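Chains V and C supply the protein sequences, listed in that same order. Take 1 as the starting number for the first sequence in this note's numbering and just add one per residue. Take 1 as the starting number for the second sequence in this note's numbering and just add one per residue.
I should point out that these hints are in silico values taken from the structure, not numbers from a laboratory. Bear in mind the structure is a predicted one, so any value in this text is a computation, not a measurement. The beta-carbon is built from N, C-alpha and C at its ideal position, and this holds for glycine as well. Be aware that one or more of the hints could be misleading.
A few chain V positions that, by computed beta-carbon distances, are all more than 10 Å from chain C [claimed, not checked]: (1) L5; (2) M13; (3) A20; (4) V21; (5) D153; (6) N301.
Quick list of in silico lysine to aspartate or glutamate cross-link-like pairs, EDC-like style, CA-CA up to 20 Å [unchecked claim]: (7) V:K212 <-> C:D156; (8) C:K138 <-> C:E162; (9) V:K223 <-> V:E22; (10) V:K132 <-> V:D153; (11) V:K132 <-> V:D199; (12) C:K138 <-> V:D159.
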Amino acid sequence: MTTQLDEDRLSRMRSTVMAAVETDTRRRGRRARTVVGVGAAVAVLAGVGGVGTALTTQGGVVSASSGDDSGLDASSVESTAGGSEDSASRLSAAADSAGGDADSAGGDAKAVAPEDADREVIVTGSASLTAKDPAAVSARIASWVEARQGRVDARTTDDSGDGVYASLTVRVPSAQVTATLDHLESYGDVSNVSVANDDVTGVARDLDARIKALRISIDRLEKILADAGSSAEVVRAEDALTGRQEQLEQLQSQRTRMSEQVSLATLTIDVSQTASTGSVDPGGFRGGLVNGWNALVDVVNRAVEGLGVALPWAGVLLAIYAVYRGSRVLARRRS
Amino acid sequence: MSLTTTVEAGPDEPVPDDRALLQRTRLGDRAAFGTLYDRHVRAVYWQALSVVGDAVAAEDVTQDVFITFWERARAVRVVDTSVLPWLLVTARFHGLNAGRRLQRDRLRSTTLDDDLGGHADPVDEAVLRGEVQAEIDKAVATLSGPDRRVYELCVDGDHSYESAARELGVSHASVRNRLSRVRSRLRADLHALRETS
Chain V
1 MTTQLDEDRL
11 SRMRSTVMAA
21 VETDTRRRGR
31 RARTVVGVGA
41 AVAVLAGVGG
51 VGTALTTQGG
61 VVSASSGDDS
71 GLDASSVEST
81 AGGSEDSASR
91 LSAAADSAGG
101 DADSAGGDAK
111 AVAPEDADRE
121 VIVTGSASLT
131 AKDPAAVSAR
141 IASWVEARQG
151 RVDARTTDDS
161 GDGVYASLTV
171 RVPSAQVTAT
181 LDHLESYGDV
191 SNVSVANDDV
201 TGVARDLDAR
211 IKALRISIDR
221 LEKILADAGS
231 SAEVVRAEDA
241 LTGRQEQLEQ
251 LQSQRTRMSE
261 QVSLATLTID
271 VSQTASTGSV
281 DPGGFRGGLV
291 NGWNALVDVV
301 NRAVEGLGVA
311 LPWAGVLLAI
321 YAVYRGSRVL
331 ARRRS
Chain C
1 MSLTTTVEAG
11 PDEPVPDDRA
21 LLQRTRLGDR
31 AAFGTLYDRH
41 VRAVYWQALS
51 VVGDAVAAED
61 VTQDVFITFW
71 ERARAVRVVD
81 TSVLPWLLVT
91 ARFHGLNAGR
101 RLQRDRLRST
111 TLDDDLGGHA
121 DPVDEAVLRG
131 EVQAEIDKAV
141 ATLSGPDRRV
151 YELCVDGDHS
161 YESAARELGV
171 SHASVRNRLS
181 RVRSRLRADL
191 HALRETS
């Protein structure tokens with residue numbers, strides 16, 4: 001048992017504790033977010049269900065193409081719901097609800113720490129769109145991003161399967177994420193948008209504090225080294241110094257990586273090709289005939305499918321009934 | 001002198017006391033929690049070390065205590081001005097559990113031939129134990145009267161922190177009220193006396 005309690009161990013313990021505190025805060029925020037998210041999801045499902053049933057009564061191919069529109073509406077409702085989730089979660093994370101209930105989001109914003117203005121947030125997002133020429137769209141997105149002080153981390157185009165498929169990973173300044181996502185709408189039909197914000201301010205501050213502490217410690221050690229008397233002292237100070245310098249470099253590179261991720265958000269965009277087969281509007285009587293025929297085929301298909309689903313169940317029920325009747329007959333014959 | 005920085009109070013604000021920091025911690029202010037941590041981590045560590053006897057286990061206990069403090073901040077009752085009594089009592093409690101676990105593991109993993117423990121020179125260890133206890137006593141001495149009383153009740157009298165704090169809190173508050181009532185009555189009487197003379 002030693003009584004040594006140096007700064008190393010103290011700062012190690014501190015980061016462990018702070019990391020656990022971070023996780024706990026995030027968990028509380030997540031709980032509030034899921035409550036709000038579930039509510040929003042239920043509302044969206046109800047809306048989409050209503051729209052879907054209204055549309056499918058029109059029958060046939062027409063419902064397929066307008067189904068895309070309802071999909072777009074649903075996704076924009078979802079992304080706005082996602083946006084309000086985020087702000088609600090930030091409020092509730094700041095106001096700490098012990099039970100994790102979302103109504104504490106009305107809590108005291110004044111009680112939040114004063115340095116709320118410069119929080120460090122890592123933003124990641126993804127979007128899917130369909131366009132007639134994915135390769136060209138992908139090139140245009142890349143040049144647009146590069147013109148806005150972003151950069152393209154990866155870009156692939158795949159022509160092997162049916163249809164062309166392109167995907168990009170771009171880095172844009174975090175402030176321009178929304179502008180970028182909105183701009184994507186000009187290239188094609190955006191069907192899926194999601195954005196996630198990861199607040200790493202606590203971890204970043206902790207790293208900064210540890211870096212500062214290490215710097216002070218290194219300065220002290222260098223001074224000790226300069227004033228060192230015996231060679232044993234020199235050796236010990238050297239050892240400690242190199243150890244600290246290694247640690248400092250490690251922490252600094254961690255911090256730089258984190259700052260880089262905070263300043264540039266990461267967006268994954270994938271572009272697929274719009275199906276160009278026969279779903280474009282066939283007008284007039286011919287069109288109506290085609291629609292009607294397709295609707296009929298569709299209904300017949302579904303009926304046959306339903307029959308197929310029901311058949312095994314019917315078989316099982318029949319078997320049980322047969323056993324039951326058989327046992328009754330046997331019992332009657334015996335008595 | 002602590003080298004780890006916390007977000008300090010502004011240049012003209014006085015150092016906030018434990019009560020205010022606890023209130024902010026309850027609302028989720030991590031900087032306030034960090035200040036409380038830096039203020040009390042050493043005392044908690046010495047307390048854990050004195051109970052557990054092993055430096056690594058003492059570190060784990062210290063971390064546990066502070067994480068528990070964060071999670072159950074609402075349930076922490078401050079008697080007078082400091083959260084240190086709660087921290088020390090919790091450290092002792094966690095330390096005793098950890099110590100028991102360590103003993104069990106040690107007994108399970110040794111055979112009859114092994115030397116149990118591998119203790120250092122007993123005189124050495126007694127000196128170290130004395131030093132650790134001195135550190136703890138130093139920290140306890142900085143507490144105000146009621147706070148120290150809570151700590152002593154829990155450590156010597158084997159009360160739970162909640163019951164001791166409740167008793168002392170109630171009696172402390174009633175004493176405070178009575179004192180302030182007496183003071184205001186005295187002031188009024190003195191005033192009346194001055195007027196009549």
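Evaluation of the provided hints:
no.	hint	result
1	L5	violated, 6 Å
2	M13	violated, 5 Å
3	A20	violated, 5 Å
4	V21	violated, 5 Å
5	D153	holds, 32 Å
6	N301	holds, 56 Å
7	V:K212 <-> C:D156	violated, 42 Å
8	C:K138 <-> C:E162	violated, 24 Å
9	V:K223 <-> V:E22	violated, 36 Å
10	V:K132 <-> V:D153	violated, 24 Å
11	V:K132 <-> V:D199	violated, 38 Å
12	C:K138 <-> V:D159	violated, 75 Å
Comparing the model with each numbered hint stated earlier shows that hints 1, 2, 3, 4, 7, 8, 9, 10, 11 and 12 do not hold.
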